[in-house]
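Q: Each chain, letter by letter, is given below.
Number of protein chains: 2
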Amino acid sequence: MQSEKIRVAVDAMGGDNAPDSQVRGAVLAAEERPGSLEVILVGRKALIEKHLAKSGAELSNLSVVNADDVVTMEDTPSEAFKTKPESSLNIALNLQKDKKADALISAGNTGAVLTFSTLKLGRIEGISRPTIGSIFPSWKDITMVIDVGATVDCRPNNLLEYAVMGSVYMNYIHNIDNPRIGLLSIGEEKSKGNELTFEAYKLLENSGLNFIGNVEGRDILKGTANVVVCDGFVGNVVLKLAESVLDLLKNKFRQFSEKSLWHKFRVALAYPTLKKIVQDFNYEEFGGVPLLGVNGVSIIGHGKSTPLAIKNMIFKAEETVRKQVNSKIKKILETYNK
Amino acid sequence: MQSEKIRVAVDAMGGDNAPDSQVRGAVLAAEERPGSLEVILVGRKALIEKHLAKSGAELSNLSVVNADDVVTMEDTPSEAFKTKPESSLNIALNLQKDKKADALISAGNTGAVLTFSTLKLGRIEGISRPTIGSIFPSWKDITMVIDVGATVDCRPNNLLEYAVMGSVYMNYIHNIDNPRIGLLSIGEEKSKGNELTFEAYKLLENSGLNFIGNVEGRDILKGTANVVVCDGFVGNVVLKLAESVLDLLKNKFRQFSEKSLWHKFRVALAYPTLKKIVQDFNYEEFGGVPLLGVNGVSIIGHGKSTPLAIKNMIFKAEETVRKQVNSKIKKILETYNK
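Chains as they are written, first to last, in the numbering used here: chain V, 1 to 338; chain S, 339 to 676.
Hint data in this document are derived by calculation from the structure and do not stem from the laboratory.
A quick note: this is a predicted structure, and the numbers were derived from the prediction, not measured.
Among the hints, erroneous ones may be present.
Here are the simulated BS3-like cross-link-like pairs (lysine-lysine), alpha carbons at most 27 Å apart as the crow flies [to be verified]: (1) V/K222 with S/K613; (2) V/K140 with S/K590; (3) V/K120 with S/K530; (4) V/K250 with S/K560; (5) V/K304 with S/K478; (6) S/K588 with V/K140; (7) V/K304 with S/K530; (8) S/K578 with V/K140; (9) V/K222 with S/K560; (10) V/K222 with S/K588; (11) S/K560 with V/K240; (12) V/K304 with S/K590; (13) V/K192 with S/K420; (14) S/K578 with V/K222; (15) V/K190 with S/K642; (16) V/K264 with S/K602; (17) V/K252 with S/K602.
Cβ pair distances, simulated, as ranges [claimed, not checked]: (18) S/Q593 with V/S327: 31 to 39 Å; (19) S/Q593 with V/S63: 37 to 45 Å; (20) V/E199 with S/E526: 30 to 38 Å; (21) S/A395 with V/E199: 50 to 58 Å.
Simulated coverage check for chain V against chain S, where a stretch passes if three residues somewhere in it have a Cβ under 8 Å from a Cβ of chain S [unchecked claim]: (22) 188-201; (23) 210-218; (24) 232-242.
Quick reminder that beta carbons are idealized off the backbone N, C-alpha and C, glycines included.
With these hints in hand, go ahead and build the complete structure from the sequences.
A: Next up, the structure:
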């Protein structure tokens, strides 16, 4: 498989700027890696071809597969799964199921990507719940928080599985040797936490992973651990809070600059610096977040994904397939059941 | 009571800079409000008097009560409660119990202040769990997140009680009419959340409070709600994450400035502006956070509290007593049991 081209199906209709960003991102990716990548745009064919014509690209490693329907941001995932078999998301996953594609990327309805992928591709043996991890900037490097909303009311074994999946992902995709795993809690001591963390702590201690114990909210941005495992409820709150920090700062800068011309001048001097410094917070550059635990490859992007973000997602998908992340997860899980 | 002086007992030995910050903060408060405040420093008398002598203050509304022992940051609260009856925290609470003081402020071990206060003062009728709320900066104004760690694994009625206490506190102490109450969850829709939020939602809907429904992580800094209620596990993670944002920014500024002289120059220009803008994030200026639900007044401060922070905590304590926050909480709770 290593030398063959990796075939990435792009849900061309999912996302706020679809299909424009999707088509342009797909073109960028196909152009940059003609020898290793095949990109398949899935969606309303006439519309996609109009956008392709605009781009002027003629690429032999880029093709279009028609899908008449679209899963919208407002759709309820389970409902859409029943009623929208002709959606771009579903048809793109059919390609993967039928071995006509190796991976999916989508910037559409996150819940739908999770539901459709789980139901279409199934789960990796030994995984009870697929999960979504998200990459945070930190002092040292980057930190993955996992789960960020796929499963609320987790059981302890879910957290153990997240740790395994996060560890493999950070190891093979982000090249971190023996990733440090932290359990998100309210104090460093083993005795601090809730019912879920007490039980999960015991499982993680005996997991063979590089478990460093409990970490706290402040450790996420410090980079104390490479992988921070938590219940999807907590992780989702944490993700959305972190994403909003930049908005708050921008807003405060605006308020400050409106006070006087002198204030405006100081902000003008400060703003480019701040912008440069905090670009680490730009989640889209990480190329989407992986849906881990499904028997296939699905990469989920921000609804607002730019063409650059789409390109990076496609590259991330290729990498995830090439590095056989799933079989590595499976291998670790097998040792637990011996 | 309105015209009488309010007597605030200061745990002079609790906190990283104790008793220096405590003594200086107490002097500031007593000097500024000679007609309305009586400040009682509780701790090692000889040591405190040495610090008082250094300050040169001679104030008739400032006194010292001796306590030989100290609860440290490392002490386990329940253990310390049994073994340290002579601690400054315990003796300060005895004053309140014996009606010789109206309130306590402490920048010491938060868990110990919670445990000692609950056991010494008891709970307000109708409150099952005392709670700690914390004030966050936001786009518009400020937001209280409640609970931030007093109780993990909450039950739905705990969240209802937090909403009542937070509403009264924001109304009377922060002068917000009919505070908007939000339930922290993973989506705005009623159908998004976990088992706890589904049940709590029903209670809040029928509470008579100004309940605006679910809010998300991003809403905390946006100020969508004035009071955000959540389980203490989630609230604690959120608080510590938010507190760490400034550290990350400072760290990134430092890294950036170390690149070259030109970078250093730009940071020098940017830093004061940024500092001014983000001073809202300075939690200490809010004058500590209230421990709500106990039958008395306890204000908890950061371990690192400065004299200014201590002064503000003393003022906050006075205000909480004068405005009879507890009896207002009790009154709302009574309507639920009719």
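Q: Failing hints, ascending?
A: Hints that this structure does not satisfy do not exist here, as all of them hold.
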